[in-house]
Amino acid sequence: MAIEARIPTILRTYTAGEKAVEGNGLTLAEFFVDLDSRHAGLRDRLVGEDGSLNRFVNVYLNDEDVRFLGGPETPLSDGDVVTILPAVAGG
Amino acid sequence: MARYDSLLDSLGHTPLVGLPRLSPSAEVRLWAKLEDRNPTGSVKDRPAIAMVERAERDGLLTPGCTVLEPTSGNTGISLAMVCKLKGYNLICVMPENTSVERRQLLEMYGAEIRTSPAAGGSNEAVAVAKKLAADHPDWVMLYQYGNLANAQAHYDTTGPEILADCPEITHFVAGLGTTGTLMGIGRFLRERVPGVRIVAAEPRYGELVYGLRNIDEGFVPELYDADVLDSRFSVGPEDALRRTRQLIDEEGIFAGISTGAILHAALAQADRAVRSGQRADIVFIEADAGWKYLSTGAYAGTIEEAAERLEGQLWA
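Line order of the protein sequences matches chains A and B. Under the numbering used here, think of the first position of the first sequence as 292, with each following residue one higher. Under the numbering used here, think of the first position of the second sequence as 39, with each following residue one higher.
Hints in this document: simulated from the structure, not taken from any laboratory. You may find that some hints are simply not true.
Simulated pairs of lysine to any residue, SDA-like, Cα-Cα distance not exceeding 20 Å [said to hold, decoys possible]: (1) K310/A x K124/B; (2) K124/B x G97/B; (3) K310/A x E346/B; (4) K310/A x R297/A; (5) K310/A x N252/B.
Model, not experiment: these values are computed from the prediction.
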């Protein structure tokens with residue numbers, strides 16, 4: 292088992308075109324570091340130097356926005372799905 | 039009283055109806071605020087009328103003016119009706135991947151439609167409208183994403199209506215687009231109902247809609263304040279469609295697809311309340327009815343077929 296990350300089109304240059312990649316980590320922050328070890332440069336697009344999420348990136352853990360869970364410190368478990376999406380308008 | 043001097047005066051005062059079959063128990067109940075019972079059939083009539091009247095009071099809008107707005111549909115339809123009745127021209131910038139019904143309604147009301155590219159969804163419509171506004175300083179862009187009158191309309195009307203009809207409210211759930219509905223009603227309820235939970239349901243579209251050229255082209259509406267919310271869910275087309283059909287099957291309510299997404303998040307709150315043994319009265323917004331989405335195929339065939347047909351479309 293592992294944790295799955297769903298990658299938006301715009302960031303697939305870092306995953307050799309893969310829509311979904313797997314990784315591990317006890318927290319979202321650790322998961323991003325693990326992903327970056329195989330997909331170099333991906334983490335920089337998601338979080339700033341202080342580890343907080345970039346403004347125009349939304350990250351959902353099993354469909355719930357992680358900013359309302361624990362942010363980068365949100366705990367993860369095997370089988371979780373982390374969806375990464377750019378922020379878009381509605382209305 | 040159900041008699042009004044004009045269509046505009048009949049805005050709001052929409053019914054709040056219980057969902058006895060979808061509610062898990064007598065202690066955990068769901069209530070739908072039927073916003074399709076507004077002048078043009080959607081919740082957007084409230085901010086549209088409020089934004090126009092605010093602009094009139096501020097002296098920005100005078101007879102014969104041209105109003106400009108980026109919109110994926112409902113706000114444009116509401117503005118088209120208001121502008122028609124008040125004598126303004128309307129130009130809507132709309133992404134090309136929106137349903138034909140929305141275009142026909144806008145044209146019928148006499149609005150001019152400028153099309154923005156499908157890729158990038160409403161972000162592109164916003165960008166195109168901002169450029170048009172810069173090129174035509176005499177046009178008035180109401181700009182629903184940053185116009186305080188949008189959220190204020192809900193603070194002044196929808197919020198008080200909900201609290202009057204359901205003083206025992208524990209959760210409020212609505213769709214997140216311009217964020218005006220959640221910011222306005224959320225703030226109103228937070229000030230008056232200790233412990234109330236404010237939950238956002240955001241549509242998750244197909245990949246095309248997120249096909250921005252650069253992640254920095256992402257867009258967060260100026261009205262958005264995350265502190266008003268307790269949680270925010272991303273709801274995909276399968277879940278939204280399944281719940282939309284459940285609303286018809288079990289409660290007889292023919293709602294638009296975004297309402298299915300909102301119900302999905304509301305049912306998740308209901309499930310949590312049941313598991314923790316807590317009483318809950320969960321009010322959610324039915325944003326519009328399903329009529330404008332029939333051509334998308336959302337209401338025909340299996341969920342999987344319908345979801346496939348929605349791929350690439352702006353369904354909320």
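Verification of the supplied hints:
1. K310/A x K124/B: Violated, because 49 Å separates the two Cα atoms, which is more than 20 Å.
2. K124/B x G97/B: holds (14 Å)
3. K310/A x E346/B: holds (18 Å)
4. K310/A x R297/A: holds (6 Å)
5. K310/A x N252/B: Judged against 20 Å, a Cα distance of about 17 Å means the pair holds.
Checked against the numbered hints given earlier, this structure breaks only hint 1.
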